[in-house]
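Whole structure, please, built from the sequences with the hints as guidance.
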Amino acid sequence: MKRNIFLSLILLLLLLPACGEDSVQVRGLVTEVQTGPDGAPAAFVIQTEDKGRVGVLLTGDTFAAPSGSGSWTGSELRAEFQAELLPDVSVSAVCLPAKKTLTTQDGQEIAAYEADRVSINGRLNRGAATLADGTALDVLEDNNPVADRTYLLPGGAELLWVRGPSGPEHCYVGGLESFDDLSARAREKVSSWYEDRGPLFDEAAELEKAYSDWKAKGEDFQSHMIDQGVSPSASSEKVMYFLTTVTLPYYGEGSATVYSLRLCDAFDRETGEHIDTRDLFACPWEQVVQAILDGDPTLDAALRAEMEAVLTPERVEIFSDSVSVNFAPDTLPGHTPGWGYSLSAQVTDLMYPWAAPKARS
246 MKRNIFLSLI
256 LLLLLLPACG
266 EDSVQVRGLV
276 TEVQTGPDGA
286 PAAFVIQTED
296 KGRVGVLLTG
306 DTFAAPSGSG
316 SWTGSELRAE
326 FQAELLPDVS
336 VSAVCLPAKK
346 TLTTQDGQEI
356 AAYEADRVSI
366 NGRLNRGAAT
376 LADGTALDVL
386 EDNNPVADRT
396 YLLPGGAELL
406 WVRGPSGPEH
416 CYVGGLESFD
426 DLSARAREKV
436 SSWYEDRGPL
446 FDEAAELEKA
456 YSDWKAKGED
466 FQSHMIDQGV
476 SPSASSEKVM
486 YFLTTVTLPY
496 YGEGSATVYS
506 LRLCDAFDRE
516 TGEHIDTRDL
526 FACPWEQVVQ
536 AILDGDPTLD
546 AALRAEMEAV
556 LTPERVEIFS
566 DSVSVNFAPD
576 TLPGHTPGWG
586 YSLSAQVTDL
596 MYPWAAPKAR
606 S
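For the sequence shown, my numbering begins at 246 and goes up steadily by one.
It should be emphasised that the hints constitute simulated quantities derived from the structure, not laboratory data. This one's a predicted model, so the numbers in the text were calculated from it and none came from an experiment. Check each hint, because a few of them may be wrong.
Each computed DSS-like pair below joins lysine-lysine, with the alpha-carbon atoms no more than 27 Å apart [claimed, not checked]:
1. K483 x K434
2. K296 x K344
3. K483 x K603
4. K296 x K434
Shown next, in the form of structure tokens:
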């Protein structure tokens with residue numbers, strides 16, 4: 246009997262203890278694979294961040310899952326795992342607590358544990374990226390909650406973590422309607438729209454910035470991160486609002502290490518058509534801009550004029566209980582990238598009734 250294997254669920258299961266709290270969880274890169282008399286993998290060694298080299302022992306009772314997803318019989322599942330289990334793959338394992346030993350190929354005896362569950366998460370691709378000065382980088386592609394891919398310098402130092410871009414399909418916010426509440430036609434159209442948008446960051450340029458920072462800071466360097474995701478922000482009787490958040494490294498002065506840029510987009514719930522922000526308001530866009538600027542009475546005339554010149558419709562963020570604005574990098578001197586502020590109801594009062602966001606349930 247075949248069973249469907251969904252690795253996103255398996256990874257979550259692997260993070261759960263095998264027997265209450267008495268289990269050993271290990272994660273890292275495979276450095277060697279040892280086979281049994283039948284030629285099948287019987288044990289492997291992984292390099293972990295916190296435990297050094299650890300041996301993982303496979304038994305007939307070990308639940309072993311390959312990367313990806315599919316439908317397999319039990320024997321097919323095991324065979325797929327065995328075929329993928331090679332040096333430089335990334336694995337997670339939940340092991341039984343009894344400590345054993347394993348002799349490595351170089352003759353060292355290391356701590357080892359019998360695996361209850363093990364999953365292949367990804368692999369390290371050596372020399373997969375090259376910097377402008379010719380430095381080769383390894384790229385770890387991993388089913389990791391923090392990063393889809395990690396760029397590593399020669400020697401293994403982490404340079405940059407990247408996650409996304411991801412779409413709105415699997416993001417939920419308490420009390421808000423989500424992608425699942427769109428019509429089937431709208432879901433297909435919205436997914437396609439975000440796929441076409443693609444990344445809102447220049448990955449190659451960010452790699453060069455991170456590399457320059459590494460050269461400047463030496464031992465004080467800490468790896469940087471990029472993240473792009475989409476979440477629901479509000480809904481109305483006709484419109485679903487999604488907020489794209491891009492987190493980027495910040496190299497300016499001060500203690501901040503990252504900043505976020507946000508873009509809000511509106512879609513027809515039934516057709517999935519993208520709606521221009523200006524078309525959500527029952528008045529000219531210029532009147533909306535003035536209402537936004539009036540929302541902060543502390544603005545002086547000079548800053549107000551600067552903001553009026555650079556405020557674009559996609560920078561208006563519509564939430565269930567408020568409207569906010571944020572500004573693109575280098576558009577407002579003296580303010581950090583992504584700076585913005587929240588507004589009161591005077592802006593939502595200018596929206597068409599069919600566009601005005603519903604309160605959070």
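Status of each hint after checking the structure:
{"no.": "1", "hint": "K483 x K434", "in the structure": "holds, 15 Å"}
{"no.": "2", "hint": "K296 x K344", "in the structure": "holds, 13 Å"}
{"no.": "3", "hint": "K483 x K603", "in the structure": "holds, 11 Å"}
{"no.": "4", "hint": "K296 x K434", "in the structure": "violated, 47 Å"}
In the structure shown, a violation is registered for the earlier hint numbered 4 alone.
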